[in-house]
Structure formats: structure tokens, C-alpha cells
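Model the full structure from these sequences, guided by the hints.
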Amino acid sequence: QQQVKQSPQSLIVQKGGIPIINCAYENTAFDYFPWYQQFPGKGPALLIAIRPDVSEKKEGRFTISFNKSAKQFSLHIMDSQPGDSATYFCAARGGAGNQFYFGTGTSLTVIP
Amino acid sequence: GAGVSQTPSNKVTEKGKYVELRCDPISGHTALYWYRQSLGQGPEFLIYFQGTGAADDSGLPNDRFFAVRPEGSVSTLKIQRTERGDSAVYLCASSSAVGGDTQYFGPGTRLTVL
Chain C
1 QQQVKQSPQS
11 LIVQKGGIPI
21 INCAYENTAF
31 DYFPWYQQFP
41 GKGPALLIAI
51 RPDVSEKKEG
61 RFTISFNKSA
71 KQFSLHIMDS
81 QPGDSATYFC
91 AARGGAGNQF
101 YFGTGTSLTV
111 IP
Chain S
1 GAGVSQTPSN
11 KVTEKGKYVE
21 LRCDPISGHT
31 ALYWYRQSLG
41 QGPEFLIYFQ
51 GTGAADDSGL
61 PNDRFFAVRP
71 EGSVSTLKIQ
81 RTERGDSAVY
91 LCASSSAVGG
101 DTQYFGPGTR
111 LTVL
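First to last, the protein sequences are chains C and S.
Per this note's numbering, the first sequence starts with residue 1, numbered consecutively.
Per this note's numbering, the second sequence starts with residue 1, numbered consecutively.
Don't read these hints as lab results, they were simulated from the structure.
Some hints here could point you the wrong way.
Claimed, not checked - If you want the footprint, here are the derived chain S segments under chain C, 3+ residues with CB under 8 angstroms:
hint, stretch
1, 37 to 49
2, 105 to 114
Unchecked claim - Here are some chain S residues pointing at chain C (derived, C-beta under 8 angstroms):
hint, residue
3, Asp56
4, Leu60
5, Thr102
We put the CB at the ideal spot given by N, CA and C, even for glycine.
Next up, the structure:
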């Protein structure tokens with residue numbers, strides 16, 4: 001059972017565009033929601049994260065919007081650049097060891 | 001200091017063989033996690049250690065999979081009687097404490113079972 005559902009599977013935008021990636025979860029015990037960026041052949045790297053008591057968090061060009069009642073959160077990338085082309089994973093923390101449950105990933109391509 | 005390192009970076013083996021995958025966490029990190037990432041999927045939790053003990057191994061798919069962390073630092077994921085379905089990238093992550101906000105991932109070991 002997929003604990004965190006992510007969409008879209010892939011996304012293509014022009015340089016300067018604002019790609020938006022969405023995630024939804026069911027378990028209200030989740031307490032921390034990070035986004036990871038992964039380049040081919042590399043492990044995931046933390047991009048930005050939010051806690052459920054905050055509705056929005058911005059770090060540089062990256063913004064997370066969080067809707068606790070809808071159990072949804074999304075990543076917005078402002079002024080996207082070709083170097084942002086990567087796979088993005090949302091995740092939620094929970095479980096006995098506070099492990100992360102990951103979404104299935106979104107492959108982002110930013111066209112120059 | 002150095003990040004999480006994993007060896008080997010690639011492992012090709014034949015069906016039925018035994019493999020060991022190694023993870024060196026960031027120095028001083030007490031929590032260590034193993035994940036498996038299949039092609040086109042997100043990482044899937046396998047097991048986590050707090051110190052030397054496996055505190056939660058609920059993600060291990062079956063008893064062919066086993067992991068150890070005898071001195072609370074380096075960890076080894078062991079897979080017996082490998083099957084083609086075990087082919088994936090095996091990721092290790094460490095955190096300064098269980099439930100720590102940031103898990104730092106290694107580059108992974110790509111396992112291919114022929």
C-alpha cells in the first residue's frame with residue numbers, strides 16, 4: 001500500500017516556468033514532510049521540508065504548500081532552470097523508527 | 001567530513017548467490033536506515049538501526065534479507081539466495097538521532113541479479 005501518493009509522474013517545463021508537484025497522504029500521525037531531489041546515479045538529497053503546523057515554507061526558489069485538512073502538500077519551483085532537471089520525491093515521516101515513506105517520484109525536465 | 005559511503009557501487013551476481021552490501025554512515029550518526037529503490041520508484045524502507053540493534057526490520061521483504069551493525073557504525077546488508085526480483089538500488093541513510101529531521105543518503109549500490 002502506497003503511503004504517499006505523488007503526481008505527476010513526469011513534467012516538462014520551459015526555463016523560467018513554475019513546475020508544481022503534488023503529494024497526498026492518509027496517515028495523520030506523519031509529522032514531517034521533506035522533499036528530496038535525486039540526480040541519476042546519486043542518492044536522494046534533502047531539498048526542503050515542512051512540519052504540519054505550518055502552511056507554507058519558502059527556501060530560495062523552492063516553496064512547499066501544506067494543507068493539513070486535505071492531507072496534501074506540494075512543491076513549487078520558481079524560475080526553474082535546466083539544472084533543476086532531476087527526479088523529485090516527496091516523503092512523510094512516521095512509523096516505529098520514524099522512517100520515511102516516499103512517493104513514487106516525479107521526473108522534471110526544464111527545457112532551456 | 002565525508003558523507004555516507006556505500007560499497008560496492010555496482011554488484012552483478014547470479015541467481016542463487018549470496019551478496020553483502022556495505023554502508024559507512026556519517027561519523028557520529030547513531031541512526032542508520034536501509035532502503036531499496038526499484039526502477040522508477042521511490043525508496044522503500046527496509047530496516048533501521050539505533051546503535052547496534054535493529055530497532056525496526058518490518059520492511060525486510062523476507063528471511064533472505066538480513067542486516068547487521070555490530071559496532072554501531074558500519075552496517076552490512078546481506079541477501080541470501082538472490083533472486084532476479086532483488087535487482088534494485090540499495091540505499092543507506094544515516095541520521096544524527098532516530099527521528100532526526102535530516103537523513104543523509106549514500107549514492108547506493110546497484111544490485112543486478114542475472
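Results of checking the hints against the structure:
Counting residues of the stretch 37 to 49 of chain S whose beta carbon lies closer than 8 angstroms to any beta carbon of chain C gives 7, which reaches the threshold of three, so the coverage claim holds. Proximity of the stretch 105 to 114 of chain S to chain C, defined as three or more residues with a beta carbon under 8 angstroms from a beta carbon of that chain, is established by the 4 residues found. Interface hint status for Asp56 of chain S: upheld, as the beta-carbon distance to the closest one in chain C is roughly 4 angstroms, under 8 angstroms. The closest approach between the C-beta of Leu60 of chain S and any C-beta of chain C is roughly 12 angstroms, which is over the 8 angstroms cut-off, so the hint fails.
With a least beta-carbon distance of about 5 angstroms to chain C, the hint placing Thr102 of chain S at the interface is held under the 8 angstroms criterion.
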